[in-house]
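Heads up: the protein sequence lines correspond to chains A and B, in order. Numbering-wise (our numbering), the first sequence opens with residue 1 and increments by one. Numbering-wise (our numbering), the second sequence opens with residue 1 and increments by one.
Think of the hints as simulated: they come from the structure by calculation, not from any bench. One or more hints might be untrue.
No distinction is drawn between identical chains; accordingly, a pair holds when it is met within one copy or between any pair of copies.
With a Cα cut of at most 27 Å, we get these calculated DSSO-like pairs of lysine-lysine [to be verified]:
| hint | residue 1 | residue 2 |
| --- | --- | --- |
| 1 | Lys161 | Lys268 |
| 2 | Lys129 | Lys195 |
| 3 | Lys182 | Lys41 |
| 4 | Lys85 | Lys191 |
| 5 | Lys2 | Lys307 |
| 6 | Lys195 | Lys180 |
| 7 | Lys195 | Lys122 |
| 8 | Lys191 | Lys233 |
| 9 | Lys195 | Lys233 |
| 10 | Lys297 | Lys274 |
| 11 | Lys304 | Lys85 |
There are 2 protein chains.
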Amino acid sequence: MKYIKIFAPATVANVSCGFDSLGFAVDAIGDEMTFTKTAEKGVQITNITGADLTYNVDENAASAVVKKMLHTANADFGIELTIHKGFSPGSGLGSSAASAAGAAFGTNQLLGDMYSNLELTKFAMFGEKVACGSAIADNVAAAIFGGFILVRSYEPLEIIKLPVPNELRVVAIHPQITIKTKDARDVLPTKIPLKDAVTQWANVGGLISGLYTDNYNLISNSLVDIVAEPARKSLIPFFDNIKNSALKAGALGAGISGSGPTVFALCKGDTVAKAVYKSIEESYKNTGIDFEMFVSKVSPEGIKIIK
Amino acid sequence: MKYIKIFAPATVANVSCGFDSLGFAVDAIGDEMTFTKTAEKGVQITNITGADLTYNVDENAASAVVKKMLHTANADFGIELTIHKGFSPGSGLGSSAASAAGAAFGTNQLLGDMYSNLELTKFAMFGEKVACGSAIADNVAAAIFGGFILVRSYEPLEIIKLPVPNELRVVAIHPQITIKTKDARDVLPTKIPLKDAVTQWANVGGLISGLYTDNYNLISNSLVDIVAEPARKSLIPFFDNIKNSALKAGALGAGISGSGPTVFALCKGDTVAKAVYKSIEESYKNTGIDFEMFVSKVSPEGIKIIK
Numbered sequence: 001m002k003y004i005k006i007f008a009p010a011t012v013a014n015v016s017c018g019f020d021s022l023g024f025a026v027d028a029i030g031d032e033m034t035f036t037k038t039a040e041k042g043v044q045i046t047n048i049t050g051a052d053l054t055y056n057v058d059e060n061a062a063s064a065v066v067k068k069m070l071h072t073a074n075a076d077f078g079i080e081l082t083i084h085k086g087f088s089p090g091s092g093l094g095s096s097a098a099s100a101a102g103a104a105f106g107t108n109q110l111l112g113d114m115y116s117n118l119e120l121t122k123f124a125m126f127g128e129k130v131a132c133g134s135a136i137a138d139n140v141a142a143a144i145f146g147g148f149i150l151v152r153s154y155e156p157l158e159i160i161k162l163p164v165p166n167e168l169r170v171v172a173i174h175p176q177i178t179i180k181t182k183d184a185r186d187v188l189p190t191k192i193p194l195k196d197a198v199t200q201w202a203n204v205g206g207l208i209s210g211l212y213t214d215n216y217n218l219i220s221n222s223l224v225d226i227v228a229e230p231a232r233k234s235l236i237p238f239f240d241n242i243k244n245s246a247l248k249a250g251a252l253g254a255g256i257s258g259s260g261p262t263v264f265a266l267c268k269g270d271t272v273a274k275a276v277y278k279s280i281e282e283s284y285k286n287t288g289i290d291f292e293m294f295v296s297k298v299s300p301e302g303i304k305i306i307k
Numbered sequence: 001m002k003y004i005k006i007f008a009p010a011t012v013a014n015v016s017c018g019f020d021s022l023g024f025a026v027d028a029i030g031d032e033m034t035f036t037k038t039a040e041k042g043v044q045i046t047n048i049t050g051a052d053l054t055y056n057v058d059e060n061a062a063s064a065v066v067k068k069m070l071h072t073a074n075a076d077f078g079i080e081l082t083i084h085k086g087f088s089p090g091s092g093l094g095s096s097a098a099s100a101a102g103a104a105f106g107t108n109q110l111l112g113d114m115y116s117n118l119e120l121t122k123f124a125m126f127g128e129k130v131a132c133g134s135a136i137a138d139n140v141a142a143a144i145f146g147g148f149i150l151v152r153s154y155e156p157l158e159i160i161k162l163p164v165p166n167e168l169r170v171v172a173i174h175p176q177i178t179i180k181t182k183d184a185r186d187v188l189p190t191k192i193p194l195k196d197a198v199t200q201w202a203n204v205g206g207l208i209s210g211l212y213t214d215n216y217n218l219i220s221n222s223l224v225d226i227v228a229e230p231a232r233k234s235l236i237p238f239f240d241n242i243k244n245s246a247l248k249a250g251a252l253g254a255g256i257s258g259s260g261p262t263v264f265a266l267c268k269g270d271t272v273a274k275a276v277y278k279s280i281e282e283s284y285k286n287t288g289i290d291f292e293m294f295v296s297k298v299s300p301e302g303i304k305i306i307k
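Use the sequences and the hints to build the structure in full.
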């Protein structure tokens, strides 16, 4: 294989009760990336569209991953990379994760599929570290494994792929504001009451059980975050309006995607998803804040080969 | 139906990472209870063997449940109750829960099966309140639903029955010491670091995922409690010896049953379970502390009708 073009999806991390543990991939939006083998070793970014990102191969999340993988695999070729960002950095939808995970996946294809999904996740985490300063796994693992994933452990890294009920849909709104990652971290409590922790892990258990059994009621009851959301929602203007509009229109639940500002809602079926989309849109259109929205399936496969 | 005899199992609550949320039923030990319809209304305990418990119908966990159910159902008959305790109160194996859950189940049979398992759990929780002062659900729900259960929520009460991998076995040791419930509560932290909470709920997610997929490695990796066990293990003499002996002999994991002093180990298959039994026995026999042990299946059905 000398060339590959892939789609690297946006991802939702910190799924309600599953703060720092649960993520999923969407399929409506994401990046397109191409990888071309070159005789000359090393990595080069030949084109970036859709966002203003660095061409410095050690500072760009995608090229940093490609470079590390080529070096680790002791490859006798290089790669030319193009990146078309399909969604904005800073949205809370795993923009750097899509680049990093896509880079790991694409490079692995040109290397003849040497690495497992877990190994690719580790390479992609290096890209997250380059982009954000910390090697977080939930977004990149969701992109690479697809569907719902659980980061069971970091040391050693263990990723569990969870089933995705067939009718699960996601509606998301991205208010065009900026939340600094530092601010999103700083508002979190360093300690939480044990009884709140119990409530939260009982909900994690309920959500995962619901995913295994296609039990939408249980998924809905379990999509509750009493830890991160209460602390972070004040960073997102009109968060309660969005959430209430989603629930009123029949969403199973709603929460902050990543560290925001995107807010996601999970829904059963296309009809409800459309109603939730309209309800959220209606609630937000007079706020004076620009926003983008999408409806999507939860992508069972994550990264896809386009050609 | 005029008469029923049942077996009400011992149960393990606070299953490792699932503090206050996860429980399971065993089938090797439990209580036997009989329920006989009487023309005279009300409840009477005619015999208690195996433990020194009160015959006062308002203070005994079993009879208090029977009385409440007969009253709620506006029954035109009464019940005579016998209780044979098959294991000791204060063991951490849900002794009052077995009595309360058994009472709810048996009474429901004589009432013509009026109530759902969830309703029976609520009645049995009343028995827990009579016996222990708080209406905890995990032991009684495990006895009534059988298998592994998750208490997803108390308000409203929601119990999720989880699957039980076929080869799952439990080995337990009950050191003959007394732990006061108050002491077991007092050593728990009221707040825990957010990062520890994340670790704990990722393990809850892993354990439940492992139960759904018969993934014994995942179950093993997830049977970790970094919240309650570190605080409580000092109340159980030689806890670390027990746990290390169990793990060395191949147990998937080990932890404190309820608030102790019983320590349980989960194992894959009978051969490993026997080895774990011997290893724990060996480690404890020179401590100078009397102990009882058992090996059991995780009971998929919980309470059983004997005749």
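These are the hints, each one checked on the structure:
1. With identical chains, the CA atoms of Lys161 and Lys268 are at most 27 Å apart both within one copy (20 Å) and between copies (23 Å).
2. In this assembly of identical chains, Lys129 and Lys195 lie within 27 Å of each other by CA distance solely across copies; the values are 19 Å between and 33 Å within a copy.
3. Taking the closest pair of Cα atoms, Lys182 and Lys41 never come within 27 Å of each other, the shortest separation being 37 Å inside a single copy and 67 Å across copies.
4. For the homomeric pair Lys85 and Lys191, neither the shortest alpha-carbon distance inside one copy (37 Å) nor that between copies (42 Å) is at most 27 Å.
5. Taking the closest pair of Cα atoms, Lys2 and Lys307 come within 27 Å of each other only inside a single copy of the chain (11 Å); across copies the shortest separation is 73 Å, beyond that limit.
6. When the C-alpha separation of Lys195 and Lys180 is checked against a cutoff of 27 Å, the pair qualifies only between copies, where the shortest distance is 20 Å, while the shortest distance within a copy is 30 Å.
7. For the homomeric pair Lys195 and Lys122, the shortest alpha-carbon distance between copies (21 Å) is at most 27 Å, but the shortest distance inside one copy (34 Å) is not.
8. For a Cα distance limit of 27 Å, the shortest separation of Lys191 from Lys233 qualifies both inside one copy, at 18 Å, and across copies, at 22 Å.
9. Taking identical chains as interchangeable, the C-alpha atoms of Lys195 and Lys233 lie at most 27 Å apart whether they share a chain (21 Å) or sit on different chains (20 Å).
10. In this assembly of identical chains, Lys297 and Lys274 lie within 27 Å of each other by CA distance solely inside one copy; the values are 12 Å within and 48 Å between copies.
11. Taking the closest pair of Cα atoms, Lys304 and Lys85 come within 27 Å of each other only inside a single copy of the chain (15 Å); across copies the shortest separation is 60 Å, beyond that limit.
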